[in-house]
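Visitor: In case you want the letters, here they are:
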Amino acid sequence: MSGTLGKLPSDRQARDEWGVLGELPGDLMMWVLIISELLVFGAALIAFLAVRASDPQGFAADQLLLDRTEGAVNTMVLVTSGLCAALAVIARENGRRRTARGWLFAAGGLGVVFLIVKAGEYWSKAADGIGIETSPFFTFYYLITGFHAAHVVAGIVILALVAWADSVRNMETGAAFWHMVDLVWVLLFPIIYLLR
Amino acid sequence: MTSRAMIEAWVLLVAMSAATTALTFVEILGRSRMVIAAGVLVLAGLKARIILSRYLQLHNSRFWTRAFDLAIGGFLLLSFGLYAIATGP
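These protein sequences, in sequence, are chains A and B.
Using our numbering, read the first sequence as starting at 2 and increasing by one per residue.
Using our numbering, read the second sequence as starting at 431 and increasing by one per residue.
These are calculated hints, taken from the structure and not from any lab test.
There may be inaccurate statements among the hints.
[As the list claims (entries may be wrong)] If you want the footprint, here are the derived chain A segments under chain B, 3+ residues with CB under 8 angstroms:
| id | stretch |
| --- | --- |
| 1 | 22 to 32 |
| 2 | 42 to 50 |
| 3 | 69 to 77 |
| 4 | 80 to 92 |
| 5 | 182 to 192 |
[Claimed, not checked] What follows is a set of in silico ranges between Cβ atoms, one per label pair, in the way DEER data are often shown:
| id | chain 1 | residue 1 | chain 2 | residue 2 | range |
| --- | --- | --- | --- | --- | --- |
| 6 | B | A448 | A | F148 | 24 to 30 angstroms |
| 7 | A | P137 | B | G518 | 18 to 24 angstroms |
| 8 | B | S462 | A | G103 | 43 to 49 angstroms |
| 9 | B | G518 | A | R99 | 53 to 59 angstroms |
| 10 | B | V441 | A | A161 | 26 to 32 angstroms |
| 11 | A | R69 | B | L500 | 26 to 32 angstroms |
| 12 | A | L66 | B | F455 | 14 to 20 angstroms |
| 13 | A | L66 | B | L476 | 26 to 32 angstroms |
What you are looking at is a predicted structure, and each value in this text was computed from that prediction instead of being measured.
A virtual CB, placed ideally from N, CA and C, is assigned to each residue, including glycine.
Generate the whole structure from the sequences, applying the supplied hints.
Guide: Right, dumping it as structure tokens:
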């Protein structure tokens, strides 16, 4: 794995001793966080679908009020920002620090675009008088997408931090967090916006 | 992992996202909601797999690739089951 190249031999040796845990690229603690976050979002989405089963008509009516196009645009924005973060890590591994920073800023900038689209979505719902207590559907919608948006904000901060403290390991770890945000969205978007 | 491999992964992700949008238009034309839902969830699983294997670089670990395939596959199957219970035939 390219992410482990350039590490100290003792680090590589320790990884060999960890067994399958040593096969995880980058920082092990980031993988603990990634798996934890996937479990939290997975549980929330399963709860959403379970409650939907008790009122499918109500959920379907509320879901029609969501803008699928905005969600689809945000999917494209996030997968593209994921590419930028991945290219940043490759550039840094090849010693091209300025290029790596440029890709990180592009990734973070697309994260800001995601948040602007999301804010517009929330704004239009608020203008229609739709809030977190409007219905069970919108309670889940605001909690799950809001929690995800909070992770996007955290991801942008982390990308800015690793652009400043730009060791290969830091950049790998920051990019991994960003890819987790991307991964959660590709599972969240179809369940909340598309399954009718 | 090379830049080319990452760009290929991105092209696949964009293509699958476009396919997901196309499926929602098919739904408007009145096709079976169950088939559409299954297609949307399969595409979501494939996108998740690409992000894990390419962006998160799990492609070199067969163990972790299988573990995430099982976990995300199980999650999507459960999601489809709950959707089917709510939606009916």
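Visitor: If a hint holds in the structure, say so; if it does not, say that too.
Guide: Here is how each hint holds up against the structure:
no.	hint	in the structure
1	22 to 32	holds (count 4)
2	42 to 50	holds (count 4)
3	69 to 77	holds (count 4)
4	80 to 92	holds (count 8)
5	182 to 192	holds (count 7)
6	A448/B to F148/A: 24 to 30 angstroms	holds, 27 angstroms
7	P137/A to G518/B: 18 to 24 angstroms	holds, 20 angstroms
8	S462/B to G103/A: 43 to 49 angstroms	holds, 47 angstroms
9	G518/B to R99/A: 53 to 59 angstroms	holds, 57 angstroms
10	V441/B to A161/A: 26 to 32 angstroms	holds, 28 angstroms
11	R69/A to L500/B: 26 to 32 angstroms	holds, 30 angstroms
12	L66/A to F455/B: 14 to 20 angstroms	holds, 19 angstroms
13	L66/A to L476/B: 26 to 32 angstroms	holds, 28 angstroms
Checked against the numbered hints above, the structure violates none of them.
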